[in-house]
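Take the sequences, apply the hints, and build the full model.
Count along the sequence shown from 1, then add 31; that gives the number in the numbering used here.
Straight-line Cα separation of at most 30 Å, DSSO-like style, residue types lysine-lysine; simulated pairs:
#1 LYS158 / LYS213
#2 LYS158 / LYS102
#3 LYS158 / LYS140
#4 LYS140 / LYS86
#5 LYS158 / LYS86
#6 LYS208 / LYS86
#7 LYS213 / LYS102
#8 LYS208 / LYS98
#9 LYS140 / LYS98
#10 LYS98 / LYS213
#11 LYS55 / LYS98
#12 LYS213 / LYS164
#13 LYS55 / LYS102
#14 LYS208 / LYS102
The hints are simulated quantities; they were obtained by calculation from the structure and are not laboratory data.
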Amino acid sequence: MVEQQIRPWDVLNITVLDLLYEVKREDFVPQQYRNMAFMDTEIPLAHGEAMLSPKLEARLLQSLALKDNHKVLEIGTGSGYMAALISRLAHSVTTLEIHHDLAQQAQTKLTHHGHHNVSVIIGDGAKSYGDAKTWDTILLSGSVPQLPQVFLDTLAVGGTLVAVVGVSPTMAVTRIKRVGEKDYHSEVLFETVVPALHHIAKASRFEF
32 MVEQQIRPWD VLNITVLDLL YEVKREDFVP QQYRNMAFMD TEIPLAHGEA MLSPKLEARL
92 LQSLALKDNH KVLEIGTGSG YMAALISRLA HSVTTLEIHH DLAQQAQTKL THHGHHNVSV
152 IIGDGAKSYG DAKTWDTILL SGSVPQLPQV FLDTLAVGGT LVAVVGVSPT MAVTRIKRVG
212 EKDYHSEVLF ETVVPALHHI AKASRFEF
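Here it is, written out as structure tokens:
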């Protein structure tokens with residue numbers, strides 16, 4: 032998977048590549064789809080959610096540029112696999128999932144496989160989580176039509192947010208860095224299409 036799918040998609044960070052061998056993706060794939068764990072495709076989850084393709088997960092992880100002192104917020108737990116990857120590179124991960132059953136399944140798997148610095152919270156990611164300037168890194172694991180300002184408000188100065196922004200068929204992975212109290216730098220990394228996050232409002236959006 033790594034040599035055939037991941038590297039050709041501009042994922043060249045050795046730490047990220049090594050992590051894909053260490054954290055077993057198949058441990059987080061629903062049992063009925065385990066034979067698809069390494070296919071270059073999304074894997075269905077309950078409630079219309081999906082695991083992203085392996086190459087997209089890897090490239091998103093690389094784009095976060097995580098450090099071992101980072102406190103990370105993930106919106107959209109899904110299977111828990113992305114949180115598992117992040118947990119090996121960051122100090123702690125808080126991940127929000129709106130669906131109780133998915134949240135409980137993810138927490139069980141994360142704990143079983145030793146990812147003890149991950150907290151799965153059942154909640155609506157559209158409302159963000161935490162106080163102002165709480166998070167060093169924020170990842171939205173689904174797409175949003177526009178980026179709500181509430182996420183930027185909880186990002187620490189010097190912090191990074193990565194999200195897929197747009198409406199199908201026009202979406203792009205966007206990375207935003209908070210460079211001052213009221214100043215942000217935004218860059219489009221690459222185009223892709225992923226399922227939307229639930230309940231994300233279009234109001235109070237960040238203006239690029």
